[in-house]
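Chain order of the listed sequences is A and E.
Residues in the first sequence are numbered consecutively from 1, following our numbering.
Residues in the second sequence are numbered consecutively from 1, following our numbering.
Where hints are given, some of them may not hold.
Here are the computed distance ranges between Cβ atoms for each label pair [to be verified]:
1) E/Q34 to A/D269: 47 to 57 Å
2) A/Q482 to E/D89: 23 to 33 Å
3) A/T36 to E/D89: 38 to 48 Å
4) A/D514 to E/A96: 23 to 33 Å
5) A/T36 to E/A96: 50 to 60 Å
6) A/S523 to E/D181: 40 to 50 Å
7) A/Q482 to E/K75: 30 to 40 Å
8) E/D181 to A/E424: 51 to 61 Å
9) E/K75 to A/N267: 24 to 34 Å
Here are the computed lysine-lysine pairs in the DSS-like style, where the Cα-Cα straight-line distance is at most 27 Å [as the list claims (entries may be wrong)]:
10) E/K71 to A/K272
11) E/K71 to A/K401
12) A/K227 to A/K41
For the record, the hints were derived by calculation from the structure and aren't laboratory data.
Note that this is a predicted model, so its numbers are computed, not measured.
Glycine included, every Cβ here is placed at the ideal spot set by N, Cα and C.
This is what each chain is made of:
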Amino acid sequence: MSCREVIIIGAALLLARGAHQAQAQEIEHFTPTTTTMAPTKDVTQEQLSAAGDDKNNFLHTNGNYEQTRFYPGKEINTSNIKKLHPAWIFQTEVKESLETTPIVVDGVMYVTTSFSHVYALNAKTGEQYWHYKHKMGPITTYCCGPNNRGVAVYKDKVYLGTLDAKLVALDAKTGSVAWETEIADPEEGYSETMAPTVVNGKVLIGTNGGEYGIRGFVRAYDAETGKLVWNFDTIPENSVGVWATHDPTGKDLLRDIAAEKAAYEKNGDPYKTLGGGVWQNPAVDLKTGRIYFVVGNPSPDLDGSLRPGDNLYTDSLVALDLETGKYICHLQYIPHDVWDLDAVSPPILVDVKDNDGKTVPGVIHAGKTGFVYVHKRDDCSLIRFSEPMVAQENMWTLPTKEGARMLPGANGGVEWSPMAVNPELGLAYAVNLHQPMTYQVQSSPYPEGKLWLGGAFKVIPGEEQFGNITAVDYNSGKIKWQVKTPQPMMGGALATAGGLMFTGEANGWFRAYDAESGDILWSFQAGAGVNAPPAAYSVDGKEYVVVGAGGNTQIDFKRGNNIIAFTVD
Amino acid sequence: MAGRCTDLRRLALLSAIALVGLPAHAQTIEEKAQVCAGCHGEAGVPQEKTAPIIWGQNEGYLYLNLRDFNKGTRKNELMSPIAEGLSKDDMKALAAYFAKQKWPHLDQPAPAKDVASKAQSAIGSVGCTSCHLDQFQGDGTTARLAGQQQEYLKTTMLAFRDRSRANNPGMSDLMNSIQPDDIDAISQYLAELQINR
């Protein structure tokens, strides 16, 4: 380009800019200020420990450290539920999978959206205080949606896990970043969609990545500084276990132990890329100083030939010492899983009857398998498993090259959806999927941080899919009541002392059920998939129920961007 | 691969060598990206129907594929020599540069109703949107598919299927769970899509 040409072009640009400015002055640009200080108070450890009795706040993803999702308020109850109506709607900027549990502290609500945004809202009016938009790095690997399940709160901070595998601490008043730490290398397949849990000055977090050949973990970070306190590898260096031929319910896993042992002789222990992510919050037993969590599937999901052995501790309930992260006990639900029927739904600490009818501290978990498992807390041993909540067919048919049909499909049963319990009724409420699939296996080597399923799960086109809500008596294992839903369920349950159980559906219906009978007492059409766990809280003595209606990526439910709070006048 | 892109193969090769062999001259990213215009287009519209749109593609995906060309996990006679000489910083910068450009609208035709129907059925059974998201816009390391060149989409899916493109076995497994005529239908369906931002 000649000098003359540059000058002519430069002049033309100047003229054009001038004209644009003249136009711009004719239009008044109004930019509303939606960033104000949230009137927060520091959250104390005492408050977090007593959350189960706190009807003003909703301080934990699953209600309290035991994860019962049982709200102690009674103001909204079976006799006035018919008058429940929207109090306010907040519409986020992000119309994508919404899996957040709203956290409420002294009238300030924190919600998260897909792509790791955080909003602080006025829990009484729904107005925004501040909005944090995480500056996402270019590498985000996630199998099942760019979702986020919520924040944790402690002292003056709000804690968030991000899709690019960071742990971020925000100032609760302003949403500015207090510190940020990279948890693991996202290029290797690590990312975060879970909400963290804060206890005794430590932020506990697991990881995604069982579909990517990671080596899973649960970590504790210092809540003040972000420094790593302890790490627990969910995959030990000796991962082969006992070469179990049956699952703990007694079903034959059809394993070829001889072939596996030969592969082990040849290639050694597969621990480095064995998977075992931890998808959601651990339950915390403050009395014994332990945490209980469940571990996800081995990598690659469908191809067992590359990973001989039981693949510890994938598909297991695991207990650790809270202060040190040291292993205490485990129970593996599916040794050498080749169906991606991993343990995802967060475990719940509740007193249960053992097989002699004695009341003991228990821990329960709802599986993709369709069972609710009931364990003794002291040694993780299995007391009982429930009647199957969904159809089980051909368990455990092995995946084939052409595709083998088995129920449940790879999404379950119970997927990530947290259960709720009503301890007075002795009932646990689980939301299930019935989604027939074929399981195809195709072996391929470790792809260095890319999706590594070792085959494919295919939904069988034309075959009916649906869901259910099941109330299980965890002291007997019997199903107390069950309601069929037209679409598979993803989201979670909330139980209340008002005798209610709330859960939402893909078709937009958010409903309240009678906790004892399963009768539908109230319904609201939210206009997008209600696929998030509900929460409840009080402000100025008035109770609210709140839920996200934004749909789900993993099973392609109608997307939206709403957080809706309901109340009774 | 016929056409102008092939004629440019020598130019690309020479440019690639030039990129690597100029230590004293600090090139800007725009200068480095000029090589790419030869196939991927001056204004982001590719010269050939077989070359993908990279303008406005997701940054993580662009970076990973440059990296895979560089490492040899993905092979292409045009891209491999170009990527070979790139440093990690180059690849990250090029990915960031092209991700910021505007995706060109190629105005590809809508498929016939029965083809669209077939595509949607296959997409539903594989579950493409769980990674590529509901407008097929992708994110991060997952590619945007909406509005990509139809021929490139079809060739790529078939290449995953026969594993001649070997840098994503997960995609290979998924493509093996559907038929070639499903793939043809899907490529037509995706090519016509636009994204509502």
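Inset, instruction - Sort out whether A/K272 lies within 27 Å of E/K71, counting only the CA atoms. - result: Holds: E/K71 and A/K272 sit about 21 Å apart, inside 27 Å.
Inset, instruction - For the pair we were handed, E/K71 and A/K401, check the Cα-Cα distance against 27 Å. - result: violated (30 Å)
Inset, instruction - May I ask you to test the hint 47 to 57 Å on the CB atoms belonging to E/Q34 and A/D269? - result: holds (49 Å)
Legend entry - Beta-carbon spacing of E/D181 to A/E424 - inside the hinted bounds 51 to 61 Å or not: Given a distance of about 58 Å, which is inside 51 to 61 Å, the answer is holds.
Inset, instruction - Could you tell me whether the CB distance from A/Q482 to E/K75 stays inside 30 to 40 Å? - result: violated (54 Å)
Legend entry - Distance restraint evaluation - A/T36, E/A96, Cβ atoms, bounds 50 to 60 Å: Hint violated: Cβ distance 34 Å, outside 50 to 60 Å.
Inset, instruction - Indicate whether the distance between the beta carbons of A/T36 and E/D89 respects the range 38 to 48 Å. - result: holds (40 Å)
Legend entry - Given pair status - A/K41, A/K227, alpha carbons within 27 Å: Holds. A/K227 to A/K41 sits at ~24 Å (cutoff 27 Å).
Legend entry - CB-CB spacing for E/D89 and A/Q482 relative to the 23 to 33 Å hint: violated (58 Å)
Legend entry - A/S523 versus E/D181 beta-carbon gap, inside 40 to 50 Å or not: Check passed, 43 Å falls within 40 to 50 Å.
Inset, instruction - Starting from the range 23 to 33 Å, see whether the pair A/D514 and E/A96 falls in it by beta-carbon distance. - result: violated (55 Å)
Inset, instruction - Determine whether the Cβ-Cβ distance between E/K75 and A/N267 falls within the hinted range of 24 to 34 Å. - result: holds (26 Å)
Checked against the numbered hints above, the structure breaks hints 2, 4, 5, 7, 11 and satisfies the rest.
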